[in-house]
Amino acid sequence: MSVGIVVVSHSRPLAEAAVALAAQMVHGELPPIEIAAGAEDGSLGTDATAVHAAIESLAGADGILVLLDLGSAVMSAETAYELLDPDLAARVTLSSAPLVEGLFGAVVRASTGGNLATVAAEAARGLLPKQVHLDTA
Amino acid sequence: MPATLSDLDAWLRRYAATIHDQVAYLTELDAAVGDADHGTNMDRGMQKVVGVLDSESFEAADALFKKVGMTLVSAVGGASGPLYGTFFLRVGTGIGTVSEVDAETLGAGLRAGVEGVLARGKAELGDKTMYDAWAPALEAYDGAEGDIGDRLTAAADAAAQARDDTAGLVARKGRASYLGERSAGHVDPGAASTVMLLEAARDTLS
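Those protein sequence lines, which keep their order, are chains V and H. Quick note on the working numbering: the first sequence kicks off at 1 and runs consecutively. Quick note on the working numbering: the second sequence kicks off at 1001 and runs consecutively.
Bear in mind the hints are in silico, worked out from the structure with no lab data behind them. Mixed in with the good hints, there may be bad ones.
[As the list claims (entries may be wrong)] Anything over 12 angstroms on all C-beta distances counts as not near chain H; from chain V, calculated:
hint	residue
1	MET1
2	PRO13
3	LEU14
4	VAL19
5	LEU21
6	LEU88
7	ALA90
8	ALA121
9	ALA137
[What the hints assert, rightly or not] As a list, the in silico DMTMM-like pairs of lysine to aspartate or glutamate whose alpha-carbon atoms are at most 25 angstroms apart:
hint	chain 1	residue 1	chain 2	residue 2
10	H	LYS1048	V	ASP62
11	H	LYS1173	V	GLU56
12	H	LYS1067	V	GLU40
13	H	LYS1067	V	GLU56
Virtual Cβ for every residue (Gly too), placed ideally from N, Cα, C.
With the rest of the complex left out, here is chain H (with noise of 0.2 angstroms):
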């Protein structure tokens, strides 16, 4: 089954209630590494994608994606509004001006969302960034056999495991660069956020 647009506004409805729930988690990863805002950034940012999608109506995913990376670049404040904010700008460029979306296109979409990471963030694999989670997930999406909730399957599993994995590498991108070796030891807070973006994609998009 393709996903929706009601499946893609539950998504991001989603993933906003588990940034909430999760804000002091992500604020804790967050002070061991970096300036502790993770979490309240992402918060206040995805409220105000929820309050958009509460007050408005999207024709085709490409405008409702557009919609949701202005809305965090502007009201994120750290780090992650560039970034989530360029990666939702470029899945909706990637998915195009459709209403629903199948396996290959949100593959696409996925893939010219990270793309936009890495334009934006200048990571590498190994860095200690959410890109060490996109990865490895794009991989499995795109190796998993099966429908979006099989493919979302593999693809959440695979980047919770990198995430985890995180924990073992020097940061050299962001503030937590400034810590070195220090920097070791402690899951990466973007990496955390972004397993909790493809978890609750998994979890409505099937």
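So here's chain V without its partners, still in its complex pose (with noise of 0.2 angstroms):
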């Protein structure tokens, strides 16, 4: 098992399409990826109870890494890594990486076996390349 990953999103259409952007990078087979995104109802929001069950789902899974995108994305996580059983807490790690560029470099990394560190470190420089590219790093 590998290094599961937890999208946490206002929108589960721009969640959706941003594990599609990564997924492409993945040949093998892809880390286990769980979507909490939207309000209950579908509309644009957040759900800390929907994040709870999402990174208690993948519980099997050798660490867990939350990618998250802005405001109550943020709050609903922590809420919801508030809740979790502490053993289970004492696996996950919520990343404040850019959702998009974050989960690019956590899914590659994932798929090649790294641990939670690893993937978390590669998440959290995922801006890295672009922002040498326009030479603003």
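Taking the hints as your guide, dock the two standalone chains into a single complex.
What follows is the structure, encoded as structure tokens:
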């Protein structure tokens, strides 16, 4: 089992498209990915209990990296984290990486067998290639 | 007179009714500085809370507030979900497993709730958030003499003044912060809904 990834976004289409974009880079088996996106009624928003359920469904993974978009996604993810069983919470990292770039790096790294720390680090440096290219690093 | 579980139920229902009546007002405030969903989000959450109150019974205040908190973190959708949800979860913890709530206990619950809001939102005084209404409200509550009603009246009055004062502030948290100086001149929607919560408490717990 590789590291699992949870994608938290205000928008389900945004989350699904970000996952599809990242998945293009993987030619073997994708790491387990769960999406917790959109409000309960399908409108834009985030739901801490959905994030909680997504993390729990990946409890068998070798650690879980949670990537988020912005605003309430951050607070919903933190709320979900607090509500986790402490043993599971100890194997979960909330990433401050930008969603698209961070997810890209995380999916590729997780698919090649990285552990939670290396997958989280890869996500965290997700902006770097673009910054180097545009000379804004 | 301490507040009973039925008074707490009435408080939550009054808040839900106020939010429902004020959806347009809250949305208008949020349209000026945010994503124009505070009214509809809070209404969706509080109507869900009313559904819970209609279908479940609670033996103690902590169980009631914990359920309210979980309902809001799930159903609201925006930032006010984790903020108000955490508020009520912590109010429950602060009040404890009791069936009657006196002024001191309610004060402890509100303080625990506001600490939860701070931990969740990481706001500071003057950031133009609901905390700008909560901080003077807690101070007024603790400083007021008398029973729950007197203290909640003082808290609601202080919060209302602070809500109006948020119009002069530049937002440093949330989506409004992207607007910078343009966020000044508008009342913060979270401060406005906070005043409604305190006014509903004043009207039902005295």
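Hints and how they fare:
1. Its beta-carbon lying about 28 angstroms from the closest one in chain H, V/MET1 satisfies the requirement of being farther than 12 angstroms from that chain.
2. Listed as a non-interface residue, V/PRO13 keeps its Cβ farther than 12 angstroms from every Cβ of chain H; the least gap is roughly 16 angstroms.
3. Distance to chain H confirms V/LEU14 as a non-interface residue, since its nearest Cβ pair spans about 15 angstroms, more than 12 angstroms.
4. Separation of V/VAL19 from chain H is adequate, the least Cβ-Cβ distance of about 21 angstroms exceeding the 12 angstroms criterion.
5. At roughly 25 angstroms from the closest C-beta of chain H, the C-beta of V/LEU21 stays outside 12 angstroms, upholding its exclusion from the interface.
6. Under the 12 angstroms C-beta cut-off, the non-interface status given to V/LEU88 relative to chain H holds; the minimum distance is some 18 angstroms.
7. With a cut of 12 angstroms on Cβ distances, V/ALA90 stays outside the contact zone with chain H, its closest approach being about 19 angstroms.
8. For V/ALA121, the condition that its CB be more than 12 angstroms from all CB atoms of chain H holds, with the nearest at approximately 24 angstroms.
9. Residue placement check: V/ALA137 keeps its beta carbon more than 12 angstroms from all beta carbons of chain H (closest about 23 angstroms).
10. Proposed proximity of H/LYS1048 and V/ASP62 is contradicted: the alpha carbons are some 36 angstroms apart, above 25 angstroms.
11. For the hint linking H/LYS1173 to V/GLU56, the alpha-carbon distance of about 30 angstroms lies beyond 25 angstroms, and the restraint is violated.
12. Between H/LYS1067 and V/GLU40 the alpha-carbon distance is near 17 angstroms, which keeps this suggested pair within the 25 angstroms criterion.
13. Restraint check: the Cα-Cα separation between H/LYS1067 and V/GLU56 comes to about 20 angstroms, which is no more than 25 angstroms; the hinted pair holds.
Figure legend: structure checked against the earlier numbered hints; hints not met, in rising order: 10 and 11.
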